[in-house]
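Chemist: Sequence:
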Amino acid sequence: MRAVLCRAFGPPSSLTVEEVPEPAPGPGQVLIRVEAAGVNFADTLVIEGKYQARPPFPFSPGGEVAGVVAGLGPEVEGPPPGTRVLALTGHGGFAEAALAPASAVVPVREGVAPEVAAALSYAYGTTLHALRDRGRLRAGETVLVLGAAGGVGLAAVQVAKLMGARVIAAASSAAKLELCRD
Numbered sequence: 006m007r008a009v010l011c012r013a014f015g016p017p018s019s020l021t022v023e024e025v026p027e028p029a030p031g032p033g034q035v036l037i038r039v040e041a042a043g044v045n046f047a048d049t050l051v052i053e054g055k056y057q058a059r060p061p062f063p064f065s066p067g068g069e070v071a072g073v074v075a076g077l078g079p080e081v082e083g084p085p086p087g088t089r090v091l092a093l094t095g096h097g098g099f100a101e102a103a104l105a106p107a108s109a110v111v112p113v114r115e116g117v118a119p120e121v122a123a124a125l126s127y128a129y130g131t132t133l134h135a136l137r138d139r140g141r142l143r144a145g146e147t148v149l150v151l152g153a154a155g156g157v158g159l160a161a162v163q164v165a166k167l168m169g170a171r172v173i174a175a176a177s178s179a180a181k182l183e184l185c186r187d
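In the working numbering, the protein residues as written are 6 to 187.
FYI, nobody ran anything at the bench for these hints, they're computed from the structure.
Some hints here could point you the wrong way.
The following label-pair restraints were derived from C-beta to C-beta distances [stated by the list, open to error]: (1) Gly116 / Pro85: 15 to 21 Å; (2) Arg139 / Gly31: 31 to 37 Å; (3) Leu133 / Ser177: 21 to 27 Å; (4) Val22 / Gln163: 42 to 48 Å; (5) Thr88 / Arg7: 21 to 27 Å; (6) Pro32 / Asp187: 41 to 47 Å; (7) Thr49 / Leu151: 17 to 23 Å; (8) Ala144 / Asp187: 19 to 25 Å; (9) Ser18 / Gln57: 19 to 25 Å; (10) Ala29 / Gly145: 49 to 55 Å; (11) Gly87 / Lys55: 37 to 43 Å; (12) Arg59 / Arg139: 35 to 41 Å; (13) Ala75 / Glu53: 29 to 35 Å.
These figures come from a predicted structure and were not determined experimentally.
Where a beta carbon is used, it is the ideal one built from N, C-alpha and C, also for glycine.
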């Protein structure tokens with residue numbers, strides 16, 4: 006299979022696409038045929054060696070994917086092969102197949118495009134943690150979202166509205182603010 010590999014910390018331009026053996030799922034793991042992978046700032050930090058997690062070389066970056074379950078590790082009770090899922094991989098997602106902990110694999114509803122599913126975990130997970138768990142947002146409160154036209158910003162606008170908050174969105178241009186209104 007093909008994978009994007011990082012052989013030394015450096016800029017994203019140092020990554021290469023190479024043929025590598027397909028991984029086999031071990032205990033607690035799910036093998037996913039990757040249809041789409043989210044590309045996040047955290048991936049850039051991992052590639053540059055500036056993130057708290059530093060996988061051993063060579064590694065494939067990519068912390069969130071969407072695809073189809075291709076196999077389960079021993080004694081894993083997860084979505085059966087053929088199920089469309091999204092998953093947090095930690096790393097390894099910029100490849101044709103990736104491993105994920107079974108606890109980080111979630112089935113995807115029919116009709117959700119893989120590229121949409123692959124982008125949900127980081128943006129919406131970060132948003133839920135910030136607004137619900139850390140901020141303890143309640144209906145009727147006001148939320149100011151800076152950088153509201155970015156991935157996490159748009160998620161924050163949507164989730165805060167769904168939670169019943171009054172939302173003030175801030176962005177750097179009229180076009181970006183229009184995106185927030187949609």
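Chemist: Each hint should be assessed against the structure and marked as holding or not.
Modeler: Here's how the hints hold up against the structure:
no. : hint                        : verdict
1   : Gly116 / Pro85: 15 to 21 Å  : holds (20 Å)
2   : Arg139 / Gly31: 31 to 37 Å  : holds (33 Å)
3   : Leu133 / Ser177: 21 to 27 Å : holds (25 Å)
4   : Val22 / Gln163: 42 to 48 Å  : violated (34 Å)
5   : Thr88 / Arg7: 21 to 27 Å    : holds (23 Å)
6   : Pro32 / Asp187: 41 to 47 Å  : holds (45 Å)
7   : Thr49 / Leu151: 17 to 23 Å  : holds (20 Å)
8   : Ala144 / Asp187: 19 to 25 Å : holds (22 Å)
9   : Ser18 / Gln57: 19 to 25 Å   : holds (23 Å)
10  : Ala29 / Gly145: 49 to 55 Å  : holds (52 Å)
11  : Gly87 / Lys55: 37 to 43 Å   : holds (38 Å)
12  : Arg59 / Arg139: 35 to 41 Å  : violated (26 Å)
13  : Ala75 / Glu53: 29 to 35 Å   : holds (31 Å)
Hint compliance for this structure: hints 4, 12 are broken, all remaining hints hold.
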